[in-house]
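So the protein lines, in turn, are chains A and B. Going by the working numbering, the first sequence opens with residue 40, and the numbers climb by one from there. Going by the working numbering, the second sequence opens with residue 6, and the numbers climb by one from there.
If you are wondering where the hints come from, they were derived from the structure by calculation, not from laboratory data. For glycine and all other residues, C-beta sits at the position ideal for the given N, C-alpha and C.
Dumping the calculated DMTMM-like pairs for lysine to aspartate or glutamate here, alpha-carbon to alpha-carbon at most 20 Å:
#, chain 1, residue 1, chain 2, residue 2
1, A, K128, A, D212
2, B, K53, A, D300
3, A, K97, A, D55
4, A, K89, B, E79
5, A, K138, B, E137
For each label pair, taking beta carbons as the anchor points, the in silico distance ranges come out as:
#, chain 1, residue 1, chain 2, residue 2, range
6, B, A134, A, K277, 34 to 44 Å
7, B, L8, A, H268, 47 to 57 Å
8, B, E137, A, E306, 25 to 35 Å
Derived, one-sided and incomplete: chain A residues facing chain B with beta-carbon distance under 10 Å:
#, residue
9, L90
10, G141
11, A142
12, R228
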Amino acid sequence: MMRSEIDVLSPRTLEDALVLLQQHQNDIRIIAGGSDIIIQLRDGAVKTEKLLNILPVKDLRFIEERDGKIHVGALSTYTEIITSQPIRKHAWILVEAAKQIGAAQLQNTATIGGNLGNASPAADSLPPLYALGATVVTRNMSSRREIPIDRFFVGYRKTALKPDELIEEIYFDQLTRNDAGAYLKLGLRKANAISIVDVAAILREKRGDSYGDVKIALGAVAPTIVRAHSCEQDLIGKRLTKKSLQEAAKLASQDTSPITDIRGSAEYRRKIVSSLVYQALHKAVFGRAGM
Amino acid sequence: MGLVRVEHNISFKLNGEATTVKCPPAYTLLEVLRDQLHVTGPKEDCAKGECGACTVIMNGQPVCSCLVLASQAENSDIVTSEGLTKHGRLNAVQKAFIDHGAVQCGHCIPGMIVSASALLMRNSRPTKADIENALSGNLCRCTGYTKILAAVEDAVKRRRL
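With the rest of the complex left out, here is chain B (with noise of 0.2 Å):
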């Protein structure tokens, strides 16, 4: 048997634009982003949910993007680390993770961002203990935690002011 290549047209809001590809349904919408729509800031790096370098917000919530259908982003509304940024300027994590230096090999960084800022829309105040479980998902191979976990920490006073 041949190979039958099955495409679907799927639409979704990706960081604040409607946008629509055609691809296979079943690929990830890890794989749509990077491959089809050059969206480089998630990472594939475990592909099983554990390493947090595919981090995405869908409908508000951070997600793993390499365990989610293209099939089942539709309608949705996906943000990345691309989509933190608007008309040029950096968010309060974005801006704190460059203050505190808090990037060694930089890998994980557009997940860890990711993450953080999906705990800030959802928690003007989180305390430490929020801040580590949100990030539990996300791993550093570097093992750059403690200014990471700084800088987030940073954002969410600046916030405040």
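One chain only, chain A, in its complex shape (with noise of 0.2 Å):
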């Protein structure tokens, strides 16, 4: 299928999209911001007879705070995202993250839901949203589904998500001033670079020196985003100093299985994720990366 024998199908409303995806799920692919689908049509990574572009259902362009929970509809674009004062204020993680996906320019087409369906082990959006503990919602015709973004994601670029259905938006609980997030990665550049290792951890539920709740997230060392639970066990409850968060990340390489490609080694991968952690850690915890 050359490009030029592509057809492509804009609808304007949510519904008239879900009837599309119905009649043609077989041999349609839905295109949001097209910053990784355009890539893949032209390398002949992805093959498909029609393009359903969804960009111009307004109905999925939306940031809003309700009931202690942000929402952010699946066409919001990074640069939204970054600007957006709820999510600045109470998921500042994502933000920080989204500053670092690209350049300007992606940042002005790439989608959130864009990043959830391309399902990249690199995405730099997801490891926040694992830590942050999203939802993802997706729709077809006749249903709604609420899916854990740990669930959603099922295996290496694979998702829950069924051919007749569209991610509607994804929505995760507000962070407060009592908790503490971070979010690092390591790239070979600060601006147009894929992820080597990225790191995001949210600590909730604070008690004095220590939190009853930790969540820290993995990019790119794994087929999917990973949690570091050997690590988050190992610092719920416990008062928290550097010595304390040094021993905690150092788990972390435990729960990663990581690959050798051009950006970095296995091993290589293995050995900066505790380092990271611990960095992504102590800011969090003590307001800057520790050395």
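Starting from the two chains in their separate frames, assemble the complex, guided by the hints.
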């Protein structure tokens, strides 16, 4: 299939989009901002007869605060996320990640729904969403599903999305002033770099010098984003000092199964992940990345 | 199966003028601009959104035209480096690039000028960090960044006068 043979359907409402998706589900692919799928169409990784261009669907472009949660429509761009006051205030680790995705041009077109649908293990918006315990909302013509993010991704570049479904929104609990959170990325340069490793850490339920709820998510070190469960368990309820953070961070490499690729070897990733987790925890708890 | 070419009429504003072009809807905006409309300011280099040579302003924001489908440009407002020149008068960024000699091979320059102009359109007093951030998606393989950054900083000063 050459690109000149591909038809593009551009619905304007969510309802029209779902009808078209139902009708053409066997030979259609969804395109949102396009920054991943256009490359995949050109290099042959994606073959399709039709594209469903959902970009004109305004119903999928919103960022709202409701009942202590933030709801982000699938077509929200990274620029919209970076400039959203509710997200800056109550989910700042997502802003930190969004700022490091691509550069201005990509942030203006790439969408959070696209990042979810493309399911890259190195997608920078995903570790913050795992750490926030986000829920993905999908829709087809007849029903709506709410899927916890760690069950939305079922394998390397595989999601639980059915052929007649699209992603409507993602939502998560707001962070409060008592919560700590940080995101750090190691790339080969500051802009337009795919992560070698990235880390999102959130600590909640603060009691004195310790936290009752710790979520640490790691990107680019396994077929999907993974949580650093060993490290999390070690930190829960413990008095947090530079030393206790360092000891817990060492455990993080146990939770990974990295590969060797052009950006770094598996061995390097296993070593660097502990350092990056320590720095992220230090930044979250003490306000700056620790040395 | 024989080749069945799909074509749509796609309308958008290009450098201030209403434009309609008949093209395969899954072609990129860059392909349509260069190959069908012969607007050659935007260039194709990496075709992956990493180099910024194809940058155009779409609805007020810089985007990589290699990563936008022709279909997705429907009803949009597109400005290329050509459209930054009004009635033969270069804009402040274009003039500053000439005055600073901020050009080596020149290939990346339309993208650089479009990104810098888009920044100045939304922020009349950008800091050096703002400029570096706005140009971080534009690569110059001659590594002529020093003069490019100086030109943009100078354009900011001139616009303030």
